[in-house]
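Take these sequences, add in the hints, and give me the full structure.
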Amino acid sequence: MSGRRRFLAQLAGSGAGCALGVRSVEGEPWPDPFAPGASPRVEEGGLNPTPARWWKPLADGWAECGVCPRACRISEDERGTCGTRENRKGKLYTLVHSRPCSLAVDPVEKKPFFHVLPGSMALSLATAGCNLECKCCQNWEIAQARPEQVRSMTLAPADVVMLAKKKGAPLVACTYTEPVVFSEYVLDIAVAGRAVGVRTVMISNGYVQEQPLADLCREVTAYKVDLKGFDEGFFKRHTGGELKHVLETLRRLRKHGTWTEIVALVIPTQNDSEAEARALSRFVRDEVGPETPVHFTRFHPSYRLQNLPSTPVSTLERCRGVAMAEGLRFVYLGNVPGHPGESTYCPGCGRVLLRRFGMAVSENRLRQGACPDCHRKIPGVWA
Amino acid sequence: MSCDAQRRRVLAALAAGAASSSSLARAAEAFRPGPPPGPKSAPSRPVVAVARREGLAAASGAIDPKLLEAALGAAVARAAGEATPVGAMRRLFKPTDVVGIKVNCLGGRGVSTRPEVALQLAAFLQAAGLPADRIYVWDRTDRELRAAGYAIGAGRGVRVFGTNEDFDERLVEWGPSASRFDRVLANELTALISCSVLKDHGLAGASLTMKNWYGVVHNPNKLHDDNCAPFVPHLVACPVIHDKLRLNVVDGALAQCHGGPSRAPRWAWPYGGFLASTDPVAVDAVGRQVLEERRKEVGLPPLAAEGREPGHIAGAAKLGLGEDDPARIQRVEV
Chain A
1 MSGRRRFLAQ
11 LAGSGAGCAL
21 GVRSVEGEPW
31 PDPFAPGASP
41 RVEEGGLNPT
51 PARWWKPLAD
61 GWAECGVCPR
71 ACRISEDERG
81 TCGTRENRKG
91 KLYTLVHSRP
101 CSLAVDPVEK
111 KPFFHVLPGS
121 MALSLATAGC
131 NLECKCCQNW
141 EIAQARPEQV
151 RSMTLAPADV
161 VMLAKKKGAP
171 LVACTYTEPV
181 VFSEYVLDIA
191 VAGRAVGVRT
201 VMISNGYVQE
211 QPLADLCREV
221 TAYKVDLKGF
231 DEGFFKRHTG
241 GELKHVLETL
251 RRLRKHGTWT
261 EIVALVIPTQ
271 NDSEAEARAL
281 SRFVRDEVGP
291 ETPVHFTRFH
301 PSYRLQNLPS
311 TPVSTLERCR
321 GVAMAEGLRF
331 VYLGNVPGHP
341 GESTYCPGCG
351 RVLLRRFGMA
361 VSENRLRQGA
371 CPDCHRKIPG
381 VWA
Chain B
384 MSCDAQRRRV
394 LAALAAGAAS
404 SSSLARAAEA
414 FRPGPPPGPK
424 SAPSRPVVAV
434 ARREGLAAAS
444 GAIDPKLLEA
454 ALGAAVARAA
464 GEATPVGAMR
474 RLFKPTDVVG
484 IKVNCLGGRG
494 VSTRPEVALQ
504 LAAFLQAAGL
514 PADRIYVWDR
524 TDRELRAAGY
534 AIGAGRGVRV
544 FGTNEDFDER
554 LVEWGPSASR
564 FDRVLANELT
574 ALISCSVLKD
584 HGLAGASLTM
594 KNWYGVVHNP
604 NKLHDDNCAP
614 FVPHLVACPV
624 IHDKLRLNVV
634 DGALAQCHGG
644 PSRAPRWAWP
654 YGGFLASTDP
664 VAVDAVGRQV
674 LEERRKEVGL
684 PPLAAEGREP
694 GHIAGAAKLG
704 LGEDDPARIQ
714 RVEV
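Read top to bottom, the protein sequences are chains A and B. In terms of our numbering, the first sequence opens at residue 1 and continues consecutively. In terms of our numbering, the second sequence opens at residue 384 and continues consecutively.
If you're looking for bench data, these hints aren't it; they were derived computationally from the structure. Since we're looking at a predicted model, the values are computed, not measured. There is no bait here: all hints are sound.
Not close to chain B: a few residues of chain A, all C-beta gaps over 10 Å, as computed: (1) Pro57; (2) Lys167; (3) Pro170; (4) Val191; (5) Gln211; (6) Glu219; (7) Arg251; (8) Thr258; (9) Trp259; (10) Gly321; (11) Gly358; (12) Met359.
Simulated restraints, written as ranges between beta carbons of each label pair: (13) Thr467(B) x Arg237(A): 49 to 57 Å; (14) Gly512(B) x Pro309(A): 51 to 59 Å; (15) Ala697(B) x Glu274(A): 40 to 48 Å.
Covered stretches of chain B (in silico footprint by chain A; criterion: 3 or more residues with CB under 8 Å from a CB of chain A, positions within the stretch not fixed): (16) 483–492; (17) 554–561; (18) 600–606; (19) 634–647.
Heads up, the beta-carbon is just placed ideally off N, CA and C, and yes, glycines get one too.
See the structure below:
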């Protein structure tokens, strides 16, 4: 049996592909990771150790990771919290460069980006690993796993871009898990894509240190941040991280001028108070910008939060009302297909500019990034 | 809920899962931990046997097999309150048990559980009537075991293997985290021996018998915040470990008082002995004392002064897993 057939058979076997979080682009044969000369060379366990970009050596062979605010101190043969960065003989390596475990073509609205090339498709990929552990993680099978525990494929940055072009996707979206943990791969994809007009976007929890963020912002087109709550106590309990670092990332994104959208997942009884929505909205208005899109998104039970119901639509509507009253101009509802809150309205004249249903754009009235009626410029990446 | 009831609940969930693999939510619910388990035997003053022998281990790492058998045997026997190690194994294990000896091989040769120690424990079990094929010596990966000097396969008829990322598909919610457990541990083993190393840990302070269980979950990388203190006790309290754990042994033939968990020869010394107890908290508390004593001898500050207080030991005592108060532990030299 050829390597490719063997690989596909393994994927097909007992639904393993789905269970392991491996998805293929529909109709697209997987690149053959077993082909002679497949590059890069992957070692036992499916790891692809590549020198990490952000770290510093410590005494006694330890290393301090510089990717996220955890700043993990890692001894030899150990890994950081994300499970993807390993100290080998005193040097830090990322194990997931060019090793996506999930790959699909999605509408950009699924990310969600509502102000980035509406109606476009994005080649979306992830590697294993995450630097947080959110109790409602939707992709925990891959995000909370170490690279050896998921089935991954070999896909060099240039191949990612080539595949995006082939699928007619003007965007590569680094998503599903936490792309900060595979930032070196993101950067290399973004650089490869820039040469051929394929742009790269981040869908992130915003848990990143200053330097990698600056490096990413030089190359990526847009950054979506999941703002998982606006209370330090809740954030710590829910994610294991600290909210202040995410807020700092949002401030930095504004300074870098990188197009930013924010998702606020609203979880019943956990972070759904009017006061929290108001505090979040004021922060965005004052420190990120009132024209930053905010998506109040509906929670559905998953991972360790199986005991809570889905968020009532009325709660999301109340959050949206609060945010708009606080002066945010583009406030959306997420995971509520068909709701008017999915569409984009002109802050000048109030008319619909982009009508959406779920992840589909059913009407786009924007004209060169402006309202066709009152000619108000609408912020975003439109072309 | 009692340990037995909790175990039945876990087994029921496992059985249900075997019949239908699609019920993650139900399985997670079934695994949801009950109240802290409390000590199983609750001796008023648990025994930690300390057996040291002059010349057991040379600084080079070479070990005297006769001294090893004598010292390890003495420690195991005293830990179980028996005259001989075979008697101890008969007291602690049933002939029908499938016994897992969990070793710690993360640091490679020189700072891992020695193969000779694990296989000697297996020999005691065999002498007590357990068939070799129901004794497993295991750790996370074949690679780490090999690096520590183990021959993968059957050693003296005993199965020696790495889990190699083979985890049970069910997600088990436990205390501050949730994990998938080693499939062999979850589904085959009925009794456990934790056989760790006497060593320092740069984050947890000490890596002894309780922290050894980080090697049976799929996400140990998620369990190192706050010196591991919030995680270790709850992990050990999981029924899949707690209800099966019979014996805890610390291999201190060669020990390391600083620079762990990786090998740091500068801080290694031939302690030349073993610690053993049925109480995982007590044996770790004594192990920690030994490390602190050595640190003082070589001019290192206490672990707490380096911000590495091994708070998981006190945390485990609070959770009812054993005794951490040195005044209430019988540290018996044998």
